[in-house]
Amino acid sequence: MPICRTITRKALEAAAACVLVSAAPGSAIVDRVVAIVGTEAVTLSEIDLELRLEALFSESEPADMGNRGEDVLRRLIDRRLVMQDLSLTPFLQVQAAEVDRQVEQLRDQRFLGGRDLEAALRHYRLTLEDCRSFLEEQIAFERYVTFRFKTGLAASRQAIETFYRDEYLVLQRERGEPVAPLEEVSDLISRIVVERRATELLEARLLELRSLLRIESRLRPAKGAEP
Amino acid sequence: MAEVRFEPPLEAGLEASCELALKVRVGEPLEPAALRESIQALFRTGRFADIRAELEQGPGGTRLTFLTDPAWFVGSVQVVGVPRPPSEGQLASATELRLGELFTDAKLEHALRSVRSMLIEHGYRQPSITHQVEKDTATLQAHVEVRVATGPRASIGALLTAGPDQPLEAAQIREIARWPRGAEYRTDRIQQGIGLLREHFQRQDRWRSEIRVETAEYRPATNELTLVARLTPGPRMTVRAEGTSIRGARLRRFLPIFARGVVDDDLLSAGQENLESYFQSRGYFGATVAYDIERQAADEISIVYRVRKGPRQVLGAVEIRGNRHFSTEEIRERVQLREKGSGSSHGQFSEAMLRRDLQAIRNLYSLSGYQAATVSGQAVGGHAGRPNELAVRIDIVEGSPTVVTGLVTSGFENFPASEADFGFASEPGQAFSEANIAADRQRILTEYFNRGYRQVSFDWRAEEGPAPGEVVLHYSVDEGEPVRTGAVFLSGSRRTRETVLARRTVLSPGGPLSQESIYSTQRNLYDLGVFSNVEVAIQNPEGMEASKNVLIHVEEARRWAIGVGGGAEFARIGRNTAELTNPAGDATFSPRVTLEMTRLNVGGRAHTMGFRTRLSLLQQRGLFTYEAPRWFDSDKWRMTLSGLYDTFRNVNTFTGRRVEGALQLTQQLTPRTTALYRYAYRRTSIDQNTLHIEPLLVPLVSQPVRVGLLSGTYIADLRDNPTDTTKGIFNTVNVALTSKYWGSQPNFARLLAQNSTYHSIRPGIVFARMVQLGVSLPWAGHAEEGIQLARFAGRPDPRIPLSERYFGGGANSHRGFAYNQAGPRDPATGFPLGGGSQFLNSMELRFPLMGRDISGVIFHDAGNVYSRPGRISFRSAQSVRVNDAGAKEFDFDYMVHAVGLGIRYSTPIGPVRFDLAFSPNPPRFVGFDGTRDQLLTGKGTFREQRIPALQFHFSLGQTF
Numbered sequence: 000m001p002i003c004r005t006i007t008r009k010a011l012e013a014a015a016a017c018v019l020v021s022a023a024p025g026s027a028i029v030d031r032v033v034a035i036v037g038t039e040a041v042t043l044s045e046i047d048l049e050l051r052l053e054a055l056f057s058e059s060e061p062a063d064m065g066n067r068g069e070d071v072l073r074r075l076i077d078r079r080l081v082m083q084d085l086s087l088t089p090f091l092q093v094q095a096a097e098v099d100r101q102v103e104q105l106r107d108q109r110f111l112g113g114r115d116l117e118a119a120l121r122h123y124r125l126t127l128e129d130c131r132s133f134l135e136e137q138i139a140f141e142r143y144v145t146f147r148f149k150t151g152l153a154a155s156r157q158a159i160e161t162f163y164r165d166e167y168l169v170l171q172r173e174r175g176e177p178v179a180p181l182e183e184v185s186d187l188i189s190r191i192v193v194e195r196r197a198t199e200l201l202e203a204r205l206l207e208l209r210s211l212l213r214i215e216s217r218l219r220p221a222k223g224a225e226p
Numbered sequence: 000m001a002e003v004r005f006e007p008p009l010e011a012g013l014e015a016s017c018e019l020a021l022k023v024r025v026g027e028p029l030e031p032a033a034l035r036e037s038i039q040a041l042f043r044t045g046r047f048a049d050i051r052a053e054l055e056q057g058p059g060g061t062r063l064t065f066l067t068d069p070a071w072f073v074g075s076v077q078v079v080g081v082p083r084p085p086s087e088g089q090l091a092s093a094t095e096l097r098l099g100e101l102f103t104d105a106k107l108e109h110a111l112r113s114v115r116s117m118l119i120e121h122g123y124r125q126p127s128i129t130h131q132v133e134k135d136t137a138t139l140q141a142h143v144e145v146r147v148a149t150g151p152r153a154s155i156g157a158l159l160t161a162g163p164d165q166p167l168e169a170a171q172i173r174e175i176a177r178w179p180r181g182a183e184y185r186t187d188r189i190q191q192g193i194g195l196l197r198e199h200f201q202r203q204d205r206w207r208s209e210i211r212v213e214t215a216e217y218r219p220a221t222n223e224l225t226l227v228a229r230l231t232p233g234p235r236m237t238v239r240a241e242g243t244s245i246r247g248a249r250l251r252r253f254l255p256i257f258a259r260g261v262v263d264d265d266l267l268s269a270g271q272e273n274l275e276s277y278f279q280s281r282g283y284f285g286a287t288v289a290y291d292i293e294r295q296a297a298d299e300i301s302i303v304y305r306v307r308k309g310p311r312q313v314l315g316a317v318e319i320r321g322n323r324h325f326s327t328e329e330i331r332e333r334v335q336l337r338e339k340g341s342g343s344s345h346g347q348f349s350e351a352m353l354r355r356d357l358q359a360i361r362n363l364y365s366l367s368g369y370q371a372a373t374v375s376g377q378a379v380g381g382h383a384g385r386p387n388e389l390a391v392r393i394d395i396v397e398g399s400p401t402v403v404t405g406l407v408t409s410g411f412e413n414f415p416a417s418e419a420d421f422g423f424a425s426e427p428g429q430a431f432s433e434a435n436i437a438a439d440r441q442r443i444l445t446e447y448f449n450r451g452y453r454q455v456s457f458d459w460r461a462e463e464g465p466a467p468g469e470v471v472l473h474y475s476v477d478e479g480e481p482v483r484t485g486a487v488f489l490s491g492s493r494r495t496r497e498t499v500l501a502r503r504t505v506l507s508p509g510g511p512l513s514q515e516s517i518y519s520t521q522r523n524l525y526d527l528g529v530f531s532n533v534e535v536a537i538q539n540p541e542g543m544e545a546s547k548n549v550l551i552h553v554e555e556a557r558r559w560a561i562g563v564g565g566g567a568e569f570a571r572i573g574r575n576t577a578e579l580t581n582p583a584g585d586a587t588f589s590p591r592v593t594l595e596m597t598r599l600n601v602g603g604r605a606h607t608m609g610f611r612t613r614l615s616l617l618q619q620r621g622l623f624t625y626e627a628p629r630w631f632d633s634d635k636w637r638m639t640l641s642g643l644y645d646t647f648r649n650v651n652t653f654t655g656r657r658v659e660g661a662l663q664l665t666q667q668l669t670p671r672t673t674a675l676y677r678y679a680y681r682r683t684s685i686d687q688n689t690l691h692i693e694p695l696l697v698p699l700v701s702q703p704v705r706v707g708l709l710s711g712t713y714i715a716d717l718r719d720n721p722t723d724t725t726k727g728i729f730n731t732v733n734v735a736l737t738s739k740y741w742g743s744q745p746n747f748a749r750l751l752a753q754n755s756t757y758h759s760i761r762p763g764i765v766f767a768r769m770v771q772l773g774v775s776l777p778w779a780g781h782a783e784e785g786i787q788l789a790r791f792a793g794r795p796d797p798r799i800p801l802s803e804r805y806f807g808g809g810a811n812s813h814r815g816f817a818y819n820q821a822g823p824r825d826p827a828t829g830f831p832l833g834g835g836s837q838f839l840n841s842m843e844l845r846f847p848l849m850g851r852d853i854s855g856v857i858f859h860d861a862g863n864v865y866s867r868p869g870r871i872s873f874r875s876a877q878s879v880r881v882n883d884a885g886a887k888e889f890d891f892d893y894m895v896h897a898v899g900l901g902i903r904y905s906t907p908i909g910p911v912r913f914d915l916a917f918s919p920n921p922p923r924f925v926g927f928d929g930t931r932d933q934l935l936t937g938k939g940t941f942r943e944q945r946i947p948a949l950q951f952h953f954s955l956g957q958t959f
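Chains as they are written, first to last, in numbering that gives the first Met the number 0: chain A, 0 to 226; chain R, 0 to 959.
Just so you know, the hints here were simulated from the structure itself, not pulled from any lab data. Predicted model, so just to flag it, every value in this text is computed and none were measured. You may find that some hints are simply not true.
[As the list claims (entries may be wrong)] Chain A is nowhere near these chain R residues, computed Cβ spacing over 10 Å in every case:
#: 1; residue: Thr186
#: 2; residue: Gly233
#: 3; residue: Gly321
[As the list claims (entries may be wrong)] Derived coverage of chain A by chain R (criterion: at least 3 residues anywhere in the stretch with Cβ under 8 Å from a Cβ of chain R; other residues may be distant):
#: 4; stretch: 26-32
#: 5; stretch: 126-133
Where a beta carbon is used, it is the ideal one built from N, C-alpha and C, also for glycine.
Just chain A, with the same shape it has in the complex:
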């Protein structure tokens, strides 16, 4: 078998971006397990990938792992829990055509520095496949929330009125903006109330899933290793 004499650029960049644990001289730890969700592992490279995807869609530079690593890991764990829960309902799986449509919409967008999609992907060291996987998970996540928590959920008249009185009016006055009558904004308020309630239900479900499965975080390395 031919010997490969060079490490690929991507592997080097991955090595540079990842946390380095003390290793033998001339060697580097390029990836490792940083969290366990049930029987699945979350790797350090996933956090790095998520930071770069986050930067792509927020049109910013990737955040530092030290600052944002824990938050991103928590998000990845939640997403993993949702995907495991979702696997029990195969009829909610995302089709390839749906992802294609999302990718086409991205191609019409401009990203940080006016770059098109391909240039932006190069800038953030991402592949189209990374992007597709991310979009697929996003679609699946939305579908899960809609099916599990929003179906049949409706805002009551009382909830709409309470929101209108306690939040909308207060916010509009603080901003100095005109106040619309309740009938004009009740649809919007209803969507907000439903969204909030679905989020509460989602968080409760995530708490429940966390208590049922083995969740372990190892983002902070063992004592004596480099951060």
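Starting from the known structure of chain A, arrange chain R on it as the hints suggest.
Relative to chain A, chain R alone:
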């Protein structure tokens, strides 16, 4: 990359799974996504607690190393040092550490917390808990031992009450609940106390009391717990029924609120249903019951059950019409409606019952492919011209069945099978039935599971066929990946030999991981009889790997078992040995004491050694046995070695002593047939001072005798239940041979055969019959005693020793006789002599008498013990003649009959029975009034006697 390796190197069994998991390849560029997926796939195998990927640039190129920490799995879990309660088993369960599952520090911490919580719950407030984890690198098992030093259990200290208007003071609560200060705090004591408090309120007709007891404060200095009790007695409640005369205790039996001590809607409804069922069963088919809760006062409510009985009726007939596919009997089996006479004088009917029965019949047809079948029914009055008599007519229109015309299978790839191999219930030509499809699904999944395909899934759909009423079924299977058995690890055995365990293990490394093999292994190990617990588990059950190790953990039972028992016999047995009067026996009570000692797992071979003694007025016995199952390394063979010392007086005629050694091989030919091969050597002696026979015969008969017996027995047991049979057949044949060539003094052959059949006539009514034939055929030696004796009556062949003759009569034999009283009798004393053959025919009609536990029997026994095989006779009259001296001489070779009644009471170990038999032709004989000395000296008188016509028997188990 030049190289991909693992550090530490992979075990042989893990290489295949890891090879499949890797997405990175030697000779290809390293892609971060591929590396990430590889780590995730490796982690999913469940074999690694941690994985790090290290990249190293060396002279040979780039090397990728996966640095791994192995995952550990739970092995044995023991908690020691705890006095009950709780038991060590309960504490081990509380740890939730299950054999084979992943072992982590978090799980261990949770386990220790659970142990502490349970100990605190049981009053151990200051337990000291240490633990030790022993990791076995060969099996990757972590064996956990938790050592507990509990200290003294806390005691009950102060008792406080909480809440306003508490009905009882603390001192009263203590007294009622039996919680004295200083008593040990135990959860069972607290629960019992709560129960007593609840009963206290129930006696005041307060059935909704709420009682809460909590521990408030723990005082380490005095090791006392302060309890806080909060009592809410609830309102006083009375219950009455209107529209019926049922009251008081009788009413309470129908209402579960009294039995459960709780009042809620479910229990009130249950009481309503109970009353309705009761009245409906008494013929008030339209009875309805409703209940109301009435508030009488602030602290008092009344529950009233209002009964509307309606007219009393009888269900005269249930007619079923229109059925062709199912017979009327098959449909009746699913119907709860009962006409009068079938166990109830009014029959059983209600509208609800009729609706349920119609639905049951519809379901029957639907499951058999008759989806379009209609079933209707109604009750019509005035049956047979009687106004209060109902008839139920059930009309069935079956329609045409939906038939499967084709079965298309897909996905059966690695386990190719045609419909014929599986034997599908839904074959072309069969009725379309979801029950058949469910059965096929079960069969398919079971076959795949047993071949290691643990991820297999099954789906089906039905397509309309070319013609109406036809469907084509499609079965599709997604096989998934097969899982093989890795290594098999045995643990927990200290004394049992590994070879013994290995032989019982059906699982083989490399073979499919079969559920059936797992169950069989567990069953085989339990069948050894030396383990109190056998756990078989898969190591790393959640991991995704191509092969999995199987763990077998055993707990050996205590090897010594000692049992003490007692019993008694009450029958016509006999009295002291000096008296010769009443040779037919007197009613005697004989208590019995038994002592058993058993040693299991002798030599670690799962052999059993036992010693049993039995002491009673009739018998003193000591029996030693050594049993070796799986003789010849086969499940079908068992070897038993035994030694016996026995003194017996179960034949009124003599007291004997026997010393015997025997070797027996048992062969299980089929699950229902057994063969026994036996060699026994025994020496029997008779105490001549106890021999109640003609004095001239005493020297001959009282000689000690050595018998070497080779025998074979064939047993075919086709009964449904050996202790209480309702149908089946039971056959045994025993052939024995004694000869000087194997150490015997007498030479004879013996045959004993029995055939029993059982027939269920109606539910609960069984006709049972049995015929038994035994013959002994001696050869060599003299066929007569050689002294002058009465010649009229047949005499047993003297070549067969007294102790080897047939004796019959008693609870498990001919019930027209007392125990061992059948057959030839001594012409001088009238005591039984035994015979050279026996014949018995018994018939019984067994029927229910009262409830489920009491049954009755009518029986007829006919037969006898005969002097010699050629003397078997069916003649019912006893021959008698007067000899030259004017004395009567009786012949005993005739058939004695007995009819009788019996009662049986069912117990978990078989029915207890009492039989009363009457014989119209019991034998007469000449007996002697006097002592042995008087017989010897020619004093005393001879008197004609008769076996009592009435005999009673008390025993355990059916007669046959």
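Hint numbers the structure violates, sorted upward?
As far as the earlier hints go, not one is violated by this structure.
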